[in-house]
Amino acid sequence: GNSVTQMEGPVTLSEEAFLTINCTYTATGYPSLFWYVQYPGEGLQLLLKATKADDKGSNKGFEATYRKETTSFHLEKGSVQVSDSAVYFCALRPFGANNLFFGTGTRLTVIP
Amino acid sequence: DAGVIQSPRHEVTEMGQEVTLRCKPISGHNSLFWYRQTMMRGLELLIYFNNNVPIDDSGMPEDRFSAKMPNASFSTLKIQPSEPRDSAVYFCASSFNTGFRNTEAFFGQGTRLTVV
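For the record, the sequence lines run as chains A and B.
If you count the first sequence from 1, position 97 lands on 97 in my numbering, and the numbers rise without skipping.
If you count the second sequence from 1, position 74 lands on 74 in my numbering, and the numbers rise without skipping.
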């Protein structure tokens, strides 16, 4: 079946710290992988995506690399800001399908 | 484009009442999804439509829940009768899917439902 497991939160970091949020997946075939971000009181927004193995998605200083050998798609940022405080969701879309499977979300709080 | 539009943003209702949530997808998108978000269960896919046809409703919790998509620009999720355990944030999302090319899903801002 298809599923996503991501790092439990909450995560609290100081401004300018390095961020890693782990995400691993189980899927048949070759899924597309996504990170979505949810700011307080808002819906989910796409942060970045990768559609095939070894692709790196990047946006707003965040990066994630599609690793087929470890079935992972870890989210990283070199220097977080207070404005990055949000809930981050890892998701997969099975090949040929258009529905998404989400992880449970990781709440990040960045303190000045 | 204004994005995915959901209404109402907040709904408070009494147990046993009927609740209807509304969604207008992005123009041109042909797939529509209803999700429920709770602290305990995270994001759950309830149902999704492709070209106005329900494709997978296996996530609909029980017969009290129903969803319709009468045309490409409008969908409703109805709960009748509502129960306190239905309290959650309900998200609608849309995307464009041809089978070979898919856009990412764009989410509305959600409807926060409280059943008392």
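In case anyone wonders, no lab produced these hints; they're calculated from the structure.
Treat the numbers as computed from the prediction; the structure is a model and nothing was measured.
We treat Cβ as the ideally placed atom computed from N, Cα and C, and that holds for glycine.
Among the hints, erroneous ones may be present.
Said to hold, decoys possible - To be clear about the criterion: a stretch of chain B counts as covered by chain A if any three or more of its residues have a C-beta under 8 Å from a C-beta of chain A, and this derived list gives those stretches: (1) 13–25; (2) 65–79.
What the hints assert, rightly or not - Label pairs and their in silico Cβ distance ranges: (3) B:ARG41 to A:GLU42: 38 to 44 Å; (4) B:GLY42 to A:THR12: 43 to 49 Å; (5) A:PHE95 to B:VAL53: 38 to 44 Å; (6) B:GLU14 to A:GLU76: 25 to 31 Å; (7) A:GLY78 to B:ARG22: 39 to 45 Å; (8) A:PRO112 to B:THR98: 19 to 25 Å; (9) A:GLN81 to B:PRO8: 44 to 50 Å; (10) A:THR5 to B:GLU14: 25 to 31 Å; (11) B:ARG9 to A:GLU76: 31 to 37 Å; (12) A:THR20 to B:ARG64: 40 to 46 Å.
Consistency of the hints with the structure:
no., hint, verdict
1, 13–25, "violated (count 0)"
2, 65–79, "violated (count 0)"
3, B:ARG41 to A:GLU42: 38 to 44 Å, "20 Å, violated"
4, B:GLY42 to A:THR12: 43 to 49 Å, "20 Å, violated"
5, A:PHE95 to B:VAL53: 38 to 44 Å, "21 Å, violated"
6, B:GLU14 to A:GLU76: 25 to 31 Å, "47 Å, violated"
7, A:GLY78 to B:ARG22: 39 to 45 Å, "42 Å, holds"
8, A:PRO112 to B:THR98: 19 to 25 Å, "46 Å, violated"
9, A:GLN81 to B:PRO8: 44 to 50 Å, "33 Å, violated"
10, A:THR5 to B:GLU14: 25 to 31 Å, "38 Å, violated"
11, B:ARG9 to A:GLU76: 31 to 37 Å, "34 Å, holds"
12, A:THR20 to B:ARG64: 40 to 46 Å, "41 Å, holds"
Hint violations for this structure: numbers 1, 2, 3, 4, 5, 6, 8, 9, 10, all remaining hints satisfied.
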